[in-house]
Amino acid sequence: MIPAAFTYRRAESVDEALRLLAEHGDDAKLLAGGHSLLPLMKLRLAVPELLVDVAGLRELAFIDDADSAVRIGALTRHHDLANSALLTREVPLLAHAAGTIGDPQVRHRGTLGGSLAHGDAAADLPAVALALDAVLVLRGPDGTREVPAGEFFVDFFETALEPGEILTEIRVPKQTAGWDFQKFTRRAIDWAVVGAAVAGDAVALVNMGATPLRATAVESALAAGASPAEAAEHAADDTSPADEPTASADYRRHLARVLVRRALENSRA
Amino acid sequence: MRVTITVNDTEQRHEVEDRTLLVHFLRENCGLTGTNTGCDTTSCGACTVLFDGESVKSCTVLAAQADGHAVTTIEGLSADEELHPVQRAFQERHGLQCGFCTPGMVLASVSLLQENPSPTEREVRDGLEGNLCRCTGYQNIVDSVLTASREEAAR
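Taken in order, these protein sequences are the chains called A and E. Number 170 in this note's numbering belongs to position 170 of the first sequence; there are no gaps in the numbering. Number 136 in this note's numbering belongs to position 136 of the second sequence; there are no gaps in the numbering.
One-sided excerpt, in silico: chain A residues whose CB lies under 8 angstroms from chain E:
#1 P3
#2 D53
#3 G102
#4 Q105
Which bits of chain E does chain A cover? Going by a derived footprint, with three or more residues having C-beta under 8 angstroms, they are:
#5 13 to 27
#6 59 to 68
Distance windows between CB atoms, simulated:
#7 A:S227 to E:Q91: 50 to 60 angstroms
#8 A:S227 to E:G68: 54 to 64 angstroms
#9 A:R262 to E:T41: 26 to 36 angstroms
Calculated from the structure, these hints are not laboratory results. Glycine residues also receive a C-beta, built at the ideal position from the N, C-alpha and C atoms.
If we strip away everything but chain E, and leave its shape as in the complex, we get (with noise of 0.2 angstroms):
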């Protein structure tokens, strides 16, 4: 079937059997590879994006169910050079260590922030219970989402 989701503000057309997975979709169709997959069972979050600007786990969405949606992967995040508020406070305060997870992270912390701008440390503990860091380096994932909430309200 001929499926055209617009990917990072760019219309994506192209023609793929009707079970391929979103993830394939981005990685394999759309040649856009920030997109990690990790568990392929809905566990580990690597493969976050945002849906419609949600965050969704894209091993467990058909390209189908996209069609005519809107995705943002990490590649889309940002305009230009510059970082994504998250992103930044990602570098800032280490909040990545092998770097496998930081997509599915940011992402997803992006997600949590939007529907929550100010969370408590409980909260983002919470919010991100999707996403997993074998690294198990979350004690400066959640510093660096917490920093990103700061920065921005501080605007």
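Chain A with its partners taken away, still in its complex shape (with noise of 0.2 angstroms):
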């Protein structure tokens, strides 16, 4: 399979992508690790005129200590996420949950920053973003926002980056509660059928809607003094999961119960 035909173009600098972002609108789309784009390409579901590479830009790859959060930049990859000593020690939900994304050679190449741009509800570290209420950095023309995560994910493949903007960050609260990462998976490298991901007493659900969820009828359920067995039978409420011939909707219902006990069980071992 061959995507159809498009331009290349290797952006030096941030400033050099915004540009060309700016020059070609719609037509344009950025290219980090292209593993979650470039299969989209050869499906012909994505045709973009122009690809704008932004691999090159390590000012945008690092992870660094910024007192109370984890500074990262947008294109650090999986690898270096799962293999990071500051993210182990600090916010391990993150590190933990890179480390189970794909395979390694996936791994060698996905990023955070274009998972998260992305915005696919089956992706897992968009929910984990969501469970840990990271802050993304966005950088457009006219200056640098900050959007909370819980705002990031407007609906099924949408986020809240407008035209010619670009994620170039992500700062990360150090944990300091207990945490747990589940995901169901038919094979070995495949998207979550359902995950969920705990930090304290938040909870977040992958692939139950259009966007990541945060599970707020566990969370009301666990503030109000339920066990995890207890807020747990919570996790399905208010979420609209895909019903499919591969997982129904109500088997989706069932594992996301299931997988948000585990979670809260084993964060609380």
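From the two separate chains plus the hints, produce the assembled complex.
Here it is, written out as structure tokens:
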């Protein structure tokens, strides 16, 4: 399978990438690791005219200690998240979840920013960013703005990124409470049928609707004093999982309750 | 566009379409057909090569993205006629049946052992999760990687 024809440009700086996006508008797409975009292009589900390769912008590949948070450059690869001593110590949920994405080859190419900007509800890191209350730093022609993860995922493959904006950095508060990450896959390298991320009393769901979701009903039950098992019974409340031949909506709701219970219990063990 | 990639320590400069995938660059422009095209969907790992020393699936990398980088294919894994320790272990432990997945398996294993020189069996199985063998000969493949790891450690 070969993508439809496009023009490839390698950006030498964030400013150059911004300028190319401004010039080409909707016809342009940013290319980071390419492990979400290129498969879509091979299926002709995405047909950009211009690919702006930002993978070489090393200024956006970093993991820095910033007092109560960790600052992560958008182009940091899953492999580097999973192997970072700083993240393993301070944001272990993110390091662990990154190490479960796809397979080693995918983790050598895929990036945190690419995964979040792609906005796929079936991907692991968007839900993890939600559970961790991450803040996303977006740079556009008029400057920089910060968007909480809770406001970033808008709809099916739609994020708060405006045309012409670039996700440059993710700020993640250091974790102080127990955590766990559960996902159910049919085969080793598959996307999650359903996943659950727990960080303290925050619970987020993978693949239970058009966007990654906070399981607010579970969180409310926990706040009201429910046990993990009792709270997990609410894991599918207010969700709208896809109904597919390989996984019905009912099956996904069942999985959500089971995975959230396991994640809550492990996080408190 | 003109792309220059150091493939197996040799500079390969070719004029290609922007949309050319790395696997096609290797097979068609460089004539290196040891890298197989399998599923074409980032699943099977038959097209695995080393990109700046790390395993990647070359069906999901553009040749343009590799411009200025170094790629190692199965043909370039060992110098002269001598087999790479991982290749030798695959031969000794019968780590191949039909052979189609083998180049990708070997390169994924080389990358795995670089990152984790003494993996457990579980770590080998996890480390090769991105490579499918449709003969389902996984037992001997895992044996091969563990053998290569032990032989390297004994040196």
